[in-house]
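Novice: Sequence:
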Amino acid sequence: MKLIVRISALTLAIIVTGAAIGQYDVRASDDNYLAAVLEKDRLIRNTPSPKIILVGGSNLAFGIDSRMMQDSLAMRVVNMGLYAKLGLRYMLAQVRPYIREGDIVLVVPEYDQFYGSFADGDNTLNTALLYAPADRIGDFVRAYSVIDVVLRPRVENVRRSFMQAAASALGVKDRYFPPDTNPVYNRRSFNQLGDVVTHLEREGKDPDSLYVGALPPHANFNERVLDDLNAVDEVARERGARSFFLFPSYLDSAYTVNAAAIDSLQRELARGTAMAVIGKPADFVFPGALFFDTRYHLNKRGRELRTVKMIETIRGRIGYTVAPAPQELR
Numbered sequence: 001m002k003l004i005v006r007i008s009a010l011t012l013a014i015i016v017t018g019a020a021i022g023q024y025d026v027r028a029s030d031d032n033y034l035a036a037v038l039e040k041d042r043l044i045r046n047t048p049s050p051k052i053i054l055v056g057g058s059n060l061a062f063g064i065d066s067r068m069m070q071d072s073l074a075m076r077v078v079n080m081g082l083y084a085k086l087g088l089r090y091m092l093a094q095v096r097p098y099i100r101e102g103d104i105v106l107v108v109p110e111y112d113q114f115y116g117s118f119a120d121g122d123n124t125l126n127t128a129l130l131y132a133p134a135d136r137i138g139d140f141v142r143a144y145s146v147i148d149v150v151l152r153p154r155v156e157n158v159r160r161s162f163m164q165a166a167a168s169a170l171g172v173k174d175r176y177f178p179p180d181t182n183p184v185y186n187r188r189s190f191n192q193l194g195d196v197v198t199h200l201e202r203e204g205k206d207p208d209s210l211y212v213g214a215l216p217p218h219a220n221f222n223e224r225v226l227d228d229l230n231a232v233d234e235v236a237r238e239r240g241a242r243s244f245f246l247f248p249s250y251l252d253s254a255y256t257v258n259a260a261a262i263d264s265l266q267r268e269l270a271r272g273t274a275m276a277v278i279g280k281p282a283d284f285v286f287p288g289a290l291f292f293d294t295r296y297h298l299n300k301r302g303r304e305l306r307t308v309k310m311i312e313t314i315r316g317r318i319g320y321t322v323a324p325a326p327q328e329l330r
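Per this note's numbering, the sequence shown starts with residue 1, numbered consecutively.
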């Protein structure tokens, strides 16, 4: 009993401390790319079911025409793709409460998510959790911990704010904290369905300059990612929805380097997850001329071809049937 009381007291203290620190500016007015988690949250909250929920990192943000998919499948589409390094655990926790009857959940993570602790997120997760609306805190605590969700992001925010204030006082703020002026990567880069569109009319990088390094060795494969996929698949089934795994868009030269690792990943998915896998990795491998600035980010033409392929895969593999299209989509 004493142990329970102590644990409860500690938890309460952490929450109160986090709330107090949270009175400090939580940067909800920020214009940076990660602040788009607020728009993504509003999008999934306010989109009625039945809907298609796209879950993954920036391969989805940059590489899907959700309007084309919505019009082709006569079903609302919510593109939750943002940034791979937030981690797949965060992405799944973000959508889980909003899976409803009739929904189709398409999980399309970058390959990196399956190795080591990548799916747990990096330091950018602190920023995303700082932006989380108050009524979403519980959802993320269930996926992480009170310390991870309530305390650590706010402590990091206080630290950063102090450093910015100090740099400003010394007249060097712009040197160490330059304003975010990237025309592609900012909060306003997205359309109303969650797609990045600011890159569509811009010239991308030289395809030969894109990173094509090897994925981590199979010894680093993280079994817990399969458990996370199974948990979401179970939630979908319980709520009368369906979930499916698809492979991400990928640069052809990177695929050549990593074909064996990706084949091994396919086998792990077949062995360890109840979530149906539709399509093959090679279906979403594209030449360098179709990429914008990374091995996962497609340009305008690549985005179009990939969306068409996803639509065909959905229709052809899952015995495509949906409820009548809402009036506004007809």
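Any given hint could be a false lead.
Unchecked claim - Here are the simulated DSS-like cross-link-like pairs (lysine-lysine), alpha carbons at most 30 Å apart as the crow flies:
#1 Lys205 <-> Lys280
#2 Lys280 <-> Lys300
#3 Lys309 <-> Lys205
#4 Lys280 <-> Lys309
#5 Lys309 <-> Lys85
#6 Lys85 <-> Lys300
#7 Lys85 <-> Lys205
#8 Lys85 <-> Lys280
#9 Lys205 <-> Lys300
What the hints assert, rightly or not - Per label pair, the in silico range of CB-to-CB distance:
#10 Gly213 <-> Arg271: 22 to 28 Å
#11 Pro48 <-> Asp208: 42 to 48 Å
#12 Val257 <-> Glu312: 23 to 29 Å
#13 Leu200 <-> Glu39: 14 to 20 Å
#14 Ala270 <-> Pro216: 18 to 24 Å
Think of the hints as simulated: they come from the structure by calculation, not from any bench.
A virtual CB, placed ideally from N, CA and C, is assigned to each residue, including glycine.
Novice: All hints, please: hold or fail.
Specialist: How the hints compare with the structure:
For a cut-off of 30 Å, the pair hint linking Lys205 to Lys280 stands: about 27 Å separates their Cα positions. Among the hinted pairs, Lys280 with Lys300 is consistent with the structure: their alpha-carbon atoms are about 22 Å apart, no more than 30 Å. For the proposed pair Lys309 and Lys205, the alpha carbon gap of about 24 Å is at most 30 Å, so the pair holds. A hinted pair counts as satisfied when its Cα atoms are at most 30 Å apart, and Lys280 with Lys309 qualifies at roughly 11 Å.
Only pairs whose Cα atoms come within 30 Å are accepted, and Lys309 paired with Lys85 is accepted, the gap being roughly 25 Å. Between Lys85 and Lys300, the direct Cα distance comes to roughly 23 Å. Compliance with the 30 Å bound is thereby established for this hinted pair. The suggested pairing of Lys85 with Lys205 holds, with an alpha-carbon distance near 21 Å, which does not exceed 30 Å. Distance check on the hinted pair: Lys85 and Lys280 sit about 24 Å apart at the alpha-carbon level, within 30 Å; holds.
About 13 Å separates the Cα atoms of Lys205 and Lys300, which keeps this hinted pair within 30 Å; it holds. At roughly 26 Å, the beta carbons of Gly213 and Arg271 sit within the given window of 22 to 28 Å. Between Pro48 and Asp208 the Cβ separation comes to about 45 Å, which falls inside the hinted range of 42 to 48 Å. A beta carbon spacing of about 27 Å between Val257 and Glu312 agrees with the range 23 to 29 Å that was offered as a hint.
The hint said 14 to 20 Å for the Cβ distance between Leu200 and Glu39, and at roughly 18 Å that hint holds. For Ala270 and Pro216, the Cβ-Cβ distance of about 20 Å falls inside the hinted range of 18 to 24 Å, so the restraint holds.
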